[in-house]
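> Single-letter residue listing:
2 protein chains.
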Amino acid sequence: MSTDPLVIFTPSGKRGRFPVGTPILTAARQLGVDLDSVCGGRGICSKCQITPSFGEFPKHGVTVHEDALNAFNAVEERYDRIRGLKAGRRLGCQATVQRDVVIDVPPESQVHRQVVRKAASTRAMIMDPATKLFYIEVQEPDMHEPTGDLERVARALKEQWNIENVSAALPILRKLQPALRKGGWTATVVLNKGHRDTAYRILDIHPGFHEERIYGLAIDLGSTTIAAHLCDLRNGTVIASAGVMNPQIRFGEDLMSRVSYSMMNPGGDLEMTNAVRDAINTLTTEIAAEGNIEPSQIMEAVFVCNPVMHHLLLGIDPVELGQAPFALATSESVSLGASEMGLSSMNDSARVFILPCIAGHVGADAAAVALSEEPGKSDDLVLIVDVGTNAEILLGNKERVLACSSPTGPAFEGAQISSGQRAAPGAIERVEIDPATKEPRFRIIGCDLWSDDDGFMEATKGSGITGICGSGIIEAVAEMRIAGILDPKGLIGSAEQVGTSRCIAEGRTHSFVLHDGTADGGPLISVTQSDIRAIQLAKSALYAGARLLMDEMDVDTVDRVVLAGAFGAHISPKHAMVLGMIPDAPLDKVASAGNAAGTGARIALCSVEARQAIEKTVREITKVETAIEPKFQEHFVNANAIPHATDPFPHLGEVTTLPEVNFNQQKGGSEESGRRRRRRG
Amino acid sequence: MSTDPLVIFTPSGKRGRFPVGTPILTAARQLGVDLDSVCGGRGICSKCQITPSFGEFPKHGVTVHEDALNAFNAVEERYDRIRGLKAGRRLGCQATVQRDVVIDVPPESQVHRQVVRKAASTRAMIMDPATKLFYIEVQEPDMHEPTGDLERVARALKEQWNIENVSAALPILRKLQPALRKGGWTATVVLNKGHRDTAYRILDIHPGFHEERIYGLAIDLGSTTIAAHLCDLRNGTVIASAGVMNPQIRFGEDLMSRVSYSMMNPGGDLEMTNAVRDAINTLTTEIAAEGNIEPSQIMEAVFVCNPVMHHLLLGIDPVELGQAPFALATSESVSLGASEMGLSSMNDSARVFILPCIAGHVGADAAAVALSEEPGKSDDLVLIVDVGTNAEILLGNKERVLACSSPTGPAFEGAQISSGQRAAPGAIERVEIDPATKEPRFRIIGCDLWSDDDGFMEATKGSGITGICGSGIIEAVAEMRIAGILDPKGLIGSAEQVGTSRCIAEGRTHSFVLHDGTADGGPLISVTQSDIRAIQLAKSALYAGARLLMDEMDVDTVDRVVLAGAFGAHISPKHAMVLGMIPDAPLDKVASAGNAAGTGARIALCSVEARQAIEKTVREITKVETAIEPKFQEHFVNANAIPHATDPFPHLGEVTTLPEVNFNQQKGGSEESGRRRRRRG
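Those protein sequence lines, which keep their order, are chains A and B. Each residue of the first sequence is one higher than the one before, starting from 36 at the first, in our numbering. Each residue of the second sequence is one higher than the one before, starting from 36 at the first, in our numbering.
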């Protein structure tokens with residue numbers, strides 16, 4: 036039996052015996068303990084910091100003496116003097132095993148550590164990014180054994196990091212020789228690993244040990260909104276988030292009108308391509324400024340988007356996506372240089388990864404939702420709805436996953452709504468209406484107070500109250516229905532009918548005033564009858580898509596519902612159900628997942644394995660094409676009313692004296708859902 | 036024993052039995068008979084034409100009856116009607132075996148056929164080009180099984196050609212969908228295969244079956260001359276050759292002065308990069324016009340060049356190549372897109388392959404010479420000298436190959452010579468001088484007559500007599516020495532000393548007039564004393580390099596010598612030896628190989644396997660660095676005289692009364708070589 040000292044790592048509990056003098060970093064690597072290192076154990080990067088624990092450890096069955104490790108050495112003293120080392124910390128590459136020892140790996144020394152975001156999407160990220168930094172020491176050239184500098188860099192990566200199959204594009208070849216000489220034959224290379232092969236590209240090379248971090252963008256490119264997260268590629272931390280409107284809106288609000296624009300206008304696709312690329316370039320510059328980094332530190336961008344956005348981003352004419360059989364130019368993931376697609380604001384060598392599309396109408400955004408929410412790993416049957424201008428809908432469990440998309444239009448993103456705006460400070464995001472008084476109160480993005488709280492007006496002076504965003508309009512419409520301001524067909528009553536002066540006549544219909552800021556020069560924020568119509572159309576499309584998948588799965592109910600929305604819009608499950616956006620489900624089985632597509636993009640940004648996994652997953656998903664399915668129309672028409680049958684709260688009166696409108700063949704969703712058919716299978 | 040019919044192919048003699056109804060193409064493939072096909076046997080491409088032979092074949096032991104094959108079928112009839120089929124020909128994919136048959140595969144139906152060039156370099160090319168055309172039938176998209184068009188193209192290549200791992204860059208993705216629809220779900224793709232991996236790139240896609248051929252350029256990028264061959268990528272045929280001066284000459288005649296220019300002038304390297312790329316673009320357009328093809332049909336270019344040209348072509352500052360240890364940025368072969376390096380005249384998706392460099396002073400041109408002349412496969416010890424502004428010298432046999440380069444300057448290419456010009460119509464390329472009368476006669480490029488033949492002046496009216504090219508100056512100087520116009524030290528005698536009025540005084544030295552065209556407004560073409568000096572310096576450098584390799588190999592003699600020269604310059608072995616360019620060898624063991632570097636480029640253009648082979652070969656070559664070897668200087672000084680001891684013809688008098696010049700420490704090459712040391716090993 037070995038009498039070598041025992042090394043026990045916490046929190047992993049991994050343990051093993053190692054010869055006296057073994058560096059802790061070496062022991063950690065051999066045991067598979069997650070201990071970071073950029074410089075490969077040369078005492079330069081300080082990423083491998085550990086904390087030895089001393090004393091009795093009955094749980095582990097060891098006593099750790101003060102001399103369990105070697106003494107603080109010169110490298111550590113120098114590092115402590117220049118940078119400072121926290122009390123009790125050692126560099127894992129310098130500390131060596133002398134006697135039995137318990138070593139704690141602090142969270143910041145773990146590469147694969149779980150990162151908890153400040154913002155809504157508290158997602159644990161497994162860090163395995165395609166793009167990483169590697170410090171190398173390169174052999175100097177020898178006239179008598181002539182080899183190229185690139186070949187010696189490749190050899191260093193092989194010998195020092197066990198990385199093979201390395202290539203460099205021309206711009207890197209140009210930088211290579213000066214960088215190596217400036218760094219005294221040491222350098223930090225930025226390497227990008229392919230997800231399909233074992234090839235690595237050198238994206239950049241810095242002389243010596245490079246202190247600066249590298250970053251990636253996770254971009255959810257929607258028809259209406261472009262939302263981006265700037266992530267630290269070492270640990271997945273989101274250091275900034277930003278969004279802009281998609282400037283393609285001027286060519287058409289929805290996808291099909293943009294495809295039409297391309298068909299009707301020669302070069303129209305190129306106009307739209309240039310517009311969206313310009314917007315992404317601007318967004319890149321802005322988010323870098325917000326994150327206080329240089330745009331050139333952005334080495335990678337991962338995109339998720341629907342198929343039309345996908346093709347327009349790549350500069351491919353989307354005409355085929357506008358007509359059956361809706362053929363994609365390519366359905367697999369796309370990996371290319373940012374410069375190839377005119378994304379000039381990030382690093383010149385930055386890479387772009389676009390998730391695979393599922394089908395001609397079901398895009399990389401749906402794939403990202405699948406990556407984030409993992410319906411294929413669910414024991415119970417889950418319906419996932421990603422609300423955007425085009426809704427992505429997934430239904431499935433461990434056995435089978437179905438996907439479709441549904442053209443909801445941009446209403447859920449606050450577009451095509453009279454007082455609508457994108458989710459940004461000043462936008463109303465939460466609404467409550469007192470069913471008795473019909474008085475509304477609301478909250479805006481950027482302020483935690485309700486509008487009837489003390490100090491609300493002072494707190495919102497900065498942003499003002501500017502409009503209503505997607506989640507706000509959903510709540511407003513649902514609350515109006517609950518409060519009896521809307522009838523089941525979606526008509527707003529008059530002031531007399533409803534009993535509040537907030538209902539004002541506009542032509543032959545009425546609007547409901549949420550907030551009148553005109554006295555202070557602000558806007559009048561109201562919900563108009565045409566806003567209601569837009570929401571009705573959107574929610575009917577969403578509901579119809581979900582029902583279609585349920586038909587295909589041959590079920591009448593689902594076990595749980597996940598509501599995901601575009602950037603910043605966290606949909607209230609209660610209000611979504613009041614509105615009839617989704618099939619009935621117990622309210623406690625309806626969860627809001629924030630921007631699931633964006634989260635999927637972040638996961639792919641942080642993990643090569645996730646890229647491989649989603650390619651496989653996408654191939655296994657059953658695609659359902661809504662556009663050609665006659666039942667979709669049927670479900671759509673049936674879903675138009677707002678029956679309020681799913682209201683989990685007491686029913687609060689109904690307006691019945693409103694004039695009839697021409698919603699033909701209505702069949703209330705309430706009746707439909709009331710029947711609660713059993714699974715047929 | 037099988038009673039299936041016997042199929043015998045000629046000229047290969049391969050034979051086998053096949054079931055009745057087997058297409059001849061199928062039989063050929065199973066037997067490994069070289070029978071071409073682009074369309075994969077669909078009766079579209081007509082590449083698989085064969086000729087059945089009928090009658091008694093005692094040699095093969097068969098009798099072939101008229102009904103040995105099926106009757107001419109509808110596909111063949113249609114093809115014959117539209118395109119015409121030579122009498123007796125059948126399409127190999129349509130003709131099926133019925134009884135014993137002898138099938139002749141005509142040369143034009145053989146892919147790997149050996150091509151004999153019209154011009155000097157009669158080189159058999161093994162066709163295995165990286166870039167080829169493939170006709171495919173692509174499955175139409177299916178809404179219910181959605182896959183991208185690219186993925187279905189990849190599947191077609193897998194199923195119909197057994198080609199996997201296919202990718203397409205963005206510009207091809209943009210063309211893909213319209214091309215497939217225009218071609219009715221058939222297309223011809225241009226595929227480029229990597230030489231290091233098994234990956235294929237789609238370089239272009241054409242609707243349906245594409246009739247047009249694709250071409251490649253083999254470019255020998257010299258310091259002084261850029262020479263290109265335009266090759267048919269189906270069969271390796273050279274359809275046009277062209278050359279231009281390297282415009283970088285204005286930044287410096289030789290390599291080191293260009294490196295100096297880069298060091299002294301910020302951005303100087305970029306100026307030179309742009310100059311050479313512009314010249315290549317112009318050359319590409321011109322050679323395409325000469326070959327009567329569209330420049331966009333050029334899908335690939337292979338470059339060979341010395342290291343400084345290599346770096347400047349790629350836009351890499353060559354500063355490291357100007358100082359020890361002469362580190363290359365990269366020594367392995369380089370494969371990249373033509374557009375990445377500003378080569379915009381060929382197809383937008385064209386690929387560039389640059390052969391590997393051997394060392395900091397021994398470039399891809401030397402690698403190309405090794406590929407062409409294969410010293411490593413030679414039983415006897417061969418010295419290969421590639422004459423250019425920088426001479427590439429290889430010495431070796433099966434056991435060991437050495438390489439070095441030597442800075443000869445541009446004299447051998449007709450530059451820095453008073454009447455010098457590049458090898459082009461009108462340039463004097465052959466010279467003879469009558470030893471008795473001292474009267475010269477010559478031939479010019481573009482005319483087979485000698486200048487004293489009847490009709491010479493009429494025949495050369497088109498080009499005129501414009502100057503003297505590299506091979507011409509070598510012959511002129513050697514003939515001047517043989518005729519006693521030059522003394523051993525290289526001085527031209529006066530009219531009185533030599534006995535001809537063609538020796539004219541110019542300052543304190545003399546010139547020898549080869550041709551006086553001034554009466555007709557043409558040039559006076561003479562060899563001046565400074566021309567002689569330039570040639571002496573050049574040949575001394577060349578000789579010294581060769582001697583250095585012989586020292587390293589520890590031999591005093593070589594078994595044979597191969598003289599290779601830049602584009603169009605075929606060096607006369609006799610004159611090269613008279614001049615003392617090369618160590619002594621029996622004249623019948625000295626061969627002229629034409630442009631061996633250019634031939635090496637063509638071989639790499641036509642064969643992926645050759646690319647793999649030369650990478651391996653280069654790693655095995657021993658590199659000798661002339662710049663730091665003291666013995667190089669010694670050999671150089673010793674080689675300055677033109678002793679004429681190697682003249683295989685009777686010695687014809689010597690001028691002894693010329694004034695002494697200050698060539699210090701001269702030690703005649705004749706004495707050196709006269710000693711004929713034995714191999715020391």
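These are calculated hints, taken from the structure and not from any lab test. Hints should not be assumed to be uniformly reliable.
One copy or two, it doesn't matter: identical chains are merged, so the pair holds either way.
Taking lysine-lysine and the DSS-like style, the derived pairs with C-alpha atoms no more than 27 Å apart in a straight line are [stated by the list, open to error]: (1) 412 <-> 217; (2) 651 <-> 433; (3) 228 <-> 193; (4) 49 <-> 496; (5) 193 <-> 658; (6) 651 <-> 193; (7) 217 <-> 666; (8) 121 <-> 658.
What you are looking at is a predicted structure, and each value in this text was computed from that prediction instead of being measured.
> Now look at each hint and say whether the structure bears it out.
Results of checking the hints against the structure:
With identical chains, the CA atoms of residue 412 and residue 217 are never at most 27 Å apart, being 51 Å at best within one copy and 43 Å at best between copies. For the homomeric pair residue 651 and residue 433, the shortest alpha-carbon distance inside one copy (14 Å) is at most 27 Å, but the shortest distance between copies (51 Å) is not. In this homomeric assembly, residue 228 and residue 193 come within 27 Å of each other (Cα to Cα) both inside a single copy, at 14 Å, and across copies, at 25 Å. Taking identical chains as interchangeable, the C-alpha atoms of residue 49 and residue 496 are never at most 27 Å apart, the minima being 54 Å within one chain and 91 Å between chains.
For a Cα distance limit of 27 Å, the shortest separation of residue 193 from residue 658 across copies, 25 Å, qualifies, whereas the shortest one inside one copy, 43 Å, does not. Taking identical chains as interchangeable, the C-alpha atoms of residue 651 and residue 193 lie at most 27 Å apart only when they sit on different chains, with a minimum of 19 Å there against 30 Å within one chain. Proximity of residue 217 to residue 666 under the C-alpha cut-off of 27 Å is found in neither arrangement, the shortest distances being 68 Å within a copy and 34 Å between copies. For the identical chains of this complex, residue 121 and residue 658 are neighbours neither inside a copy (54 Å) nor across copies (53 Å), given an alpha-carbon limit of 27 Å.
Taken one by one, the earlier hints fail for this structure at numbers 1, 4, 7, 8, listed in ascending order.
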